[in-house]
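Colleague: Chains A and B, in that order, give the protein sequences.
With this note's numbering, the residue at position 260 of the first sequence is 260, and numbering never jumps.
Just so we're on the same page, this note's numbering is the position in the second sequence counted from 1, plus 1000.
Please keep in mind that the hints were generated in silico from the structure rather than gathered at the bench.
All C-beta atoms, glycine included, are put in the ideal place defined by N, C-alpha and C.
It cannot be assumed that every hint is accurate.
Covered stretches of chain B, going by a simulated chain A footprint (3 or more residues, C-beta under 8 Å) [claimed, not checked]:
(1) 1138 to 1149
(2) 1190 to 1201
(3) 1241 to 1250
(4) 1382 to 1389
Listed here are the chains, written in short residue letters.
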Amino acid sequence: MRRLLLSLSIVAGAMAQSPVDFSKDVEPIFKRSCLGCHGPAVQTNGLRFDDGVAALKGGYSGPVIVPGRAAESEIIRRVLSDKSAIVMPPTGPRLSNDEVARLQAWINAGAVWPKSTRAAAKRRGASHWAFQPIQRPAGSVDSFVLARLKAETLPPSSRATKSQLIRRLKLDLIGLPPTAEEVAAFVADPRPDAYERLVDTYLASPHYGEKWARQWLDLARYADSDGYEKDQVRPHAWRYRQWVINALNADMPFDQFTIEQIAGDLLPNATTDQKVATGFHRNVLVNREAGVDRAEARFEQIINRTNTVTTTWLGLTAGCAQCHDHKFDPISQKEYYQLFALFNGADDVDLDAPLNGEMGPYLRALPAYRQQRQALLDEYKIPALLFSWEDKMRETWANPGKDPEFDFWVTSMSAMFDHAKRIVHTPFAKRSQREQDRLFTYFVNNPGPQFKNNKELGEKFKELRTKLQKLDSEFPALTQAYTIAAHPDSPVTKIAVRGDYKNLGIAVEPGTLSILPPMQEPGRLGFARWLVAKDNPLTARVIVNRYWQEFFGRGLVKTSEDIGTQGEKPSHPELLDHLAASFMDGSWSVKKLHREIVTSATYQQSSKFRPDVAEKDSDNMLLARQSRLRLSAEQIRDAALYAGDILDLEVGGKSIKPPLPKGVAELGYGNSVKWAESAGKDRYRRGLYIHYQRTTPYPLLVNFDAPDSNVSCSRRRPSNTPLQALNLLNDPVFLEAAQALAARTAYSPARLQNMFEIVIGRTPSESEKQSLARYLDKQLTILKAEGRSPAEAWTGVARVLLNTDEFINRN
Amino acid sequence: MEQLNSARRRQFLKHWAYGFGSMALGDLLVKDGYAASPSPLAPKAPHFKGKAKSVIFLFMEGGPSQMDLFDPKPALMKYHGKPVPTEFTKDLKLAFTKPNAAALGSPRVFRPCGQSGMMMSDYIPHMHDLADDICLVRSMHTEAINHHPGQLFLFTGSVQFGRPTMGAWSVYGLGSESQNLPGFVVLSSGVGTSGGASNFMSGFLPSTYQGTQFRSGGEPILYLSNPEGISSATQRAGLDAIKELNESHLADVGDPEIAARIQSYELAYRMQTSAPELLDFSKESKETLDLYGIGKEPTNQYATNALLARRMVERGVRFVLMMDASWDTHTNLNSALKKKTDATDQPVAALLKDLKQRGLLDETLVVWGGEFGRTPISEIRNTSDPENAGRDHHPSGYSMWLAGGGIKGGQVIGETDELGFTITKDKVEVHDLQATILHCLGFDHLKLTYRHMGREFRLTDVHGNVVKAMLA
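Isolated chain B, as found in the complex:
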């Protein structure tokens, strides 16, 4: 050991002292978003000028029933209660139901809406006025038939774990316009979803890009409020002292990472002061609150989130994911679905109208839909109760809609067969939807990549085509 010590003395040179001085900090920062940059969330230019600056994703978790909302199938009534011809079901693979199950006709009343005459059901009356603003896709197709894999696929482009979600990709590519709020925000209503945190994780992207949950009740962001007994004066004094100590340490050891930490404390403080303002609806007019359905049931919870979403995109938040649970209507279809649409139809329509009247819809992309759709045949979990019938998961020919930034409204893309089992025209894969969303934000989905495990990864995996027909 003595030998090593003398070798060390000989070989390792004397102290190398450097002051931090006037070195150009920015030049020294690591580029890849891992920590060292003072703000990996600083706004970045996309590949080309996208029409949308922000996205509000209205995720209806569980799989909304397309043939009871957006894709009428009157022919289904012909077979109601009876098995359907096997030619419709020969390639059918379902989660619970067997292909020989009886057809379930929809008792919903549809009517043509808007100039395009888009058909919508009586469960979503508020949306009827917006037919000319939305691009309805009736030919969605996914690879998964179970919830968690389906949600992973929708948000990450893969049924396997570990990939970044759509919101994370968006913020990774564009940064955030907001100096006081996170770039990717998650709002939830109802119970927890199957995907949970995996619907907004950053995967192999730096965790800077993961979604931040905002709660509509209590503390909006985790640990946003000072702990009990700590006043704001105390908090500010403490922050000043922390800054002083950090600056002194920065001068001593010179690691630019410390400068980034100083900044992150300042941003945290700004979040503490600006989030309450965001949540304060007192300056919203009564008309606005009534439009959304705030303060009355059953709309209040979803309406609050919808109005928050508008206020967030106004303040520069890049991606708002609104997760609404329990669209998984295996049983009691009619009453269960009505419960969901009663709670969300008015707020969703209000959000579109409100964005529009404020001139924000042109630069905000709004997407509505679930991880898959539902079957035309019935699922029965209680044979003694006819009202109990519901619909199973269906990966093919389900409906979603898009509106706003970059999207051409008043049109329907795709068709399904007369009973709604298969797609007969213009199939849109989930990867195509993802490519189109990225396109609206100004990205070539093939080029928005991140190197991991020896190769470039992207949201659309090795697939995806922009659906040009959707674009304005």
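Only chain A is shown next, with the shape it has when bound in the complex:
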């Protein structure tokens, strides 16, 4: 305080003197004490003092200089502060009293900045390769790979055997191993284009979409539950998965695939399916713990959406800029919140998304259903009860702290019931039918403290719940979808200073990164189109790189989630651009791209390990051979069931719950996770359809490195653990597959060889046959001693084969 008084008196003195000379009295202060953090190279908190316009505009927290009012200017408060967390400059000598006085006098005199001294903005990482336009170098996959190998004097590998090729190709394109018959037919096929024919067959298979959906769902952090403590089931999440499978099977151009997921709801005359595509964003986690601050929860969700989109399409780690300008990549905190604003402007909307054949039965049953429902509600006088209940809820919202019991009630309703406050405050006549229905249902299930002492009424509610459940279970309801739409309130986005949602700075408009070409249209739809604009240097590179990764185990840029300055450099930059350019020029056809890759000689090389490659290129970055790749968790289960011929191949539909060992679901919060085992053939559907409960995932998925689906995952990383061995050895599903395999080959003349061919996809060598025959003998002796049936020895053979390394890898 004394210092303040002192400086004020100095100010008064200074003001009486001649006007301040900016370049002599003020600019040197900025130059010496401020520009290090608020200058051309770095603009901490968005603030810079090397340019008048920018300096007067201020930073992310707002203006810091108020012309004519030094006392109200943040900059003066900062240079005078005694608090170490506030004072500026934070390090180095403080401003002298005289310097403070000059600064104050200059501000009080109107803060005139005579001429722009601003240096051209230097953006970090602006010269980084990934931000440069995509080139169109002439060549092919093989020519680029060979040129590089030649330069390194590393010869390529020979072509893989035909049995290896068909197994590799089928697993890579549709996720299933070939049958023994398919292998035999391909090996015997003398036609020169036999391989290419196979490629076309697999690209046209309805299982192609299933295989490639998995990669996309990893990025989209798809799950069948909310996550966090409550981890409520999302019974309709699969509708989005269905959309992805269909789009991939139809070879929907990737630009359209992008636009529909980012902003399908905003397309002119958007179809239901286009809206369903925005379910991408609804895969975000929802924290329904009752005590959660809704504003904070929403903030976290939009952060997650922003980060997911930038990782998935742009291959950038924008998340750093939530709290501060990105330290390495050209992403300012302001730009981050411009991206954030795109999603802040959207609201969650659940809608009817009927599949083929659903509409007729629904419409026929609807009038009777509505009438019966209303009759039930009326019979139990629900409308009147709800009316008074709503009054109490509104009163509680308006007077927090008055009645703790009701405070708790509205808090938990807000957490469990999306848009609760908004709907309860919407006049009855203006509510949609869906909103009103949801409110009735919520009320009937959670009547709340108002009626807690009325035992009779409690019984009535129970009765009604049972009746409504029965009515609902008989009604052919439409499939629902979780989507987004423009937010009715168009909320303003403000920068969260230091990433803190409570500490809001200046407002920003939706937008993107200035290092990249500008958006041609505003808003989320404009952003979606911008992502796939021909002059966007990132998206096509990121996408083709990730596809490459699936075929070779490693992207041309290894860090497929990050092609920014901190990511790895591309091993073959020209090949990457060639693929990106031809992807865009080929009308964004994913199937065409896949065809180009798998028909290359590079792809068809043997994966046999080579010491010379290991020595020179331990990561196999130069592609002197193919890589041996681990099958995904889902594929391992699929392949085992397929070997037993018990895999159900139906495409699409709801999630399934195969048998779960005891103690897994029990890990869920308060024993709330219910796992009702699927019956019949649903138990044997592909792994893609296994219900993903975020807090208690299916053990096979965890053991074999499937992502946790909380954040976007750009590449799975295979591990090699004893738990995997236990899983394959002892999980009943693999025993069942082994038994089925033994049963289906019971009448095979060369049973041992036949089983080997089914599981491994090639003819066994003599020594392998001998190993298995020795095992079979030993096993028969054991079974005899144990008094068990000798037939079980064949189940043993099947178990051995399903546990080999070769079975869970592709060569």
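Keeping the supplied structure of chain A fixed, place chain B upon it in accordance with the hints.
Modeller: Just chain B, lined up with the frame of chain A:
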């Protein structure tokens, strides 16, 4: 296509045949823990010699009430049933309760314990004898006020998903001393926790480092037992055949990854045979079983886990996380809390005593606490029942304790104000606790990092200071 085929013939050279021979396998292995190394869990040296070799984390999920156990607030009784002066509550942000709620005095009786005179309540009588062994922290502070974010923050240093947990970091840094058991084991009691699997996930670290759940009833590790109808002779014969086929394939294609798989099957088999021995308490003396409270209620479940934890660290397990659910006493504080302490007080005290008498406490770090504490003011969810009052989540000034390897016992760190709202001395942030735990294991928390998404990550995010006062 014919053109491409001929180009392929021309350009791609003939078969390159290599035998696997006597190549030095180890040299060829990928270093970063992803799969290829035969054992990414092999013991590794830390940055300096840590005093603790293992950690047992006694996680009391939900937020234990510090002012009813470790931090007496007699002044609170003055305001019992009345709102407290606003100067105490002005910056208060709570999950459910409004700041104007009435104070809730604690009816607990506290007494000074041990030479240090550390105050403990009558709900934890067994711990009274151990006051001189534990370092009590009364000034814990966290960033989260809800369970799942709070648990993420405690175990991963961030309220956002995707980071590795403390146990995963420990095993990543130190490997495991055990050849037959996982390096990071999770034991649960009660119902499931809010955090579930995210309390022991490996995040962006290889999944090798994630916690393995051990169940005290039924099958201790998932899929540990042979499936029905498969005898151990059959299992062994099968494993031998698998090994033969894998070795033959290794000789053919030469991928060292196959060697790692062969090893993982051997480890799996050793786990199958050694886990039952671990679970077999028949060689424990009656005194030991009685000390823990095994075989009697309400202690049996927690006591079994506590004794298992001791047996695990004896066998070289690096990190044991014991998750005990339901310390979230929003309602019926007195009875709900008593239920928890009755079930755990004796086993926890027994664990410390047992480790001590076996000379294991010096090399085992034991940590006790929840994801946050509880409020001095009351939460009432049923206005008609006065016994119903409980306490809401409180992120500031809650209590935890540490004991054993590297920790100086018999002392209290930090203070809270007279009503227990704020920290008045020596605030310990969760990141500081994490830095201190890593320090006890021999790590500089700034240097135990993993590169992900273009930068180095660590357990303590960009914060954390070792609390030197805690150290022996």
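Colleague: Each hint needs a verdict: does it hold in this structure or not?
Modeller: Checked hints:
1. 1138 to 1149: holds (count 5)
2. 1190 to 1201: As far as the stretch 1190 to 1201 of chain B goes, the hint holds, because 9 residues have Cβ atoms under 8 Å from chain A.
3. 1241 to 1250: The restraint on the stretch 1241 to 1250 of chain B holds, since 8 of its residues have a Cβ under 8 Å from chain A and three suffice.
4. 1382 to 1389: holds (count 3)
Checked against the numbered hints listed earlier, the structure breaks none of them; every hint is satisfied.
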